[in-house]
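Participant: All chains should be modelled from the sequences, with the hints used to inform the complete structure.
Going down the list, the sequences are from chains A and B. Here the first sequence stands for residues 1 to 337, numbered as in our numbering. Here the second sequence stands for residues 1 to 331, numbered as in our numbering.
What you were told as hints is all true, and nothing was included just to trick you.
Distance windows between CB atoms, simulated:
| # | chain 1 | residue 1 | chain 2 | residue 2 | range |
| --- | --- | --- | --- | --- | --- |
| 1 | B | 271 | A | 112 | 38 to 44 Å |
| 2 | B | 75 | A | 12 | 31 to 37 Å |
| 3 | B | 127 | A | 313 | 49 to 55 Å |
| 4 | A | 320 | B | 271 | 21 to 27 Å |
To be clear, the hints were calculated from the coordinates, so they are not data collected in a lab. By construction, the Cβ of each residue, glycine as well, lies at the ideal position given by its N, Cα and C atoms.
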Amino acid sequence: MKGDGFMEKDSKTWLELYRLMVKIRRFETLTGELFASGKIPGFIHLSIGQEASSVGVCSVLRKDDYITTTHRGHGHVIAKGGDVKKMFAELMGRETGYCRGKGGSMHIADFSIGILGANGVVAGGFPIIVGAGLSIKLRGTDQVAVCFFGDGASNRGPFHEALNMASIWKLPIVFVCENNQFASTTSVHYSTSVKSIALRGEAYGIPGRSLDGNNVLEVREAAIEAVERARKGEGPTLLENRTYRLRGHFEGDPQRYRTKEEVEKFSEKDPIRQFQAFLKNQKILNEKSDQEIWNEIDQELQEAIRFAEESPFPQPQDALKDLYVEEGESLIQRRLV
Amino acid sequence: MNLRELTNTEAMVEALKEEMTRDPSIFIIGEDLVAHGGIFGQFIGLPEAFPGRVIDTPISETCIVGAGLGAALTGMRPFVDLHFADFTTCAMDEIVNQVAKIRYMFGGQAKIPLVIWAPDGAGLSAAAHHSQSLEAWFIHTPGLKVVSPCFPYDVKGLIKTSIRSDDPIIFFMHKKIFSRKGPVPEEEYVIPLGKAEIKHPGTDVTIITYSIMVLHALEVAEEMEKEGIRVEVLDLRTLWPMDWERIAESVTKTHRVIIAHEACLTCGFGAEISARIQEELFDELDAPIFRVGAYRVPIPFSPPLERFVIPGKESLKKTIYNMFGKEIDSK
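Facilitator: Have a look at this one:
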């Protein structure tokens, strides 16, 4: 991994980026284990191998900036400052979870820190981010809105509508494509008409950049530029973070669509391993301090898991709450017993 | 109270003007708004009155509704114009999967002060893609509120309430009633959601209805009076929340019920109302509940075909005669 030539040589920031990447990696790994042991119901989509993208981009954002994320969104939530206690609790369907157990893995949001929600629909974030961008413009603030999406989403209609609208209105948006090579189980080489999704920006008059999405510093530097551009009112940018999904589409995916050799080959480019080697090389990290980071994070995550496991499930009848702001019995359909 | 006659369109525009003046976070977004004043010219004057707050979009319904949602989630109160209710289909994922669910699936974190305004209804030879009445889809979707008034007074009061609501609202307005006039007070007022209103009192049979069918029902009520059948016309105005209290009151008074809508009969809102009445008020009924609605075909283009498919005054009359065992001269 290259490190020279980057604008900022700030070891404190670099360590913070590394720490966040490790936190996401461990969160995802533990989530996989909890799912396998039956403690997390439903479907789980892990972002292992894609940590450089979420951390590189979110490290540039302010608390009041907005993001939308995807079904593979745990990493973005953590990178934007999400609370891992509330996350684990939500994954386990507990009352103390982000959505009081109504959302689960694919529907985590934290409006207090600008996370406008993960989304169970591929490309579901595009229209929402256009609205957030428009709202920023109408309110006249200097916030920025970031839409995370995958290569698969760039083949859905909302991508194209959103890029066009963001461009004609010069909205303060950064579109961040995490090209992890697969739309569910289908290779991007089969499904996508262009070699690089960044090229699609040009069709809408939006600058597009294709990046080594496993190089956190490269991503961060591009994000700094794109976010600045947005904040200054110069319009949207499309970033393509080329990466590789090291886990299956979902936990339990038999992965018949790729070989073990392919996954092993890409493991060599694991963004955390690369950054770790780089930091050691730069004498910013050593064996001991590295181990400390991993231990500290594991301790925090184990505490969060304990918090989640000790939290109560919601009361069954709580299923009837939270549908409307102005509630009322007439709004909830009776159920015949 | 000073009354003047306004059209439904004028009533809506007046409501928008008042609300936009009161609250700077309200804006209108949709296609053909600024130069054209809305596809039906319905917003003429507003772009000039509120520069920058009436926003033209490309033909991108998905992102129009989604932009409304994103803006609603971040502090604004958007009023989305969808041109035709038929085009809700182009934004169905946004309406059904996002707008309707976001508050609930995020555990009540968000509020969504969003109005989606969608002209619906047939009768203009606009054919299958510009004539549908799709309210049942949205009543069926938890998380939405659905409004469909018919008189300028109700339109104005309910537009204002819808804009002020922190919940997402689909506001249907039948295209054929746009220029229909009615009295509207000059003084400020609002109408709460979920309140039906008796538009014609009667004691023999209740027609539960909404939107343009209210007008047909009122004509029928007048005519039936001469034949000694006193028809009560209950205009729901808001479809969800449904005003069950008013419905039950009227059924308990007349003991006979017809439910009428222009949407096709099968799985229409009438089916839901009818089911609930027979579950809860079975002993009150002196006759089976009858429903009036369109045939289950797309709305055809040619005027005789269209007239045949959608219900009107005659279908209501036939149903009443049928209910009371009277012969009717079937033309």
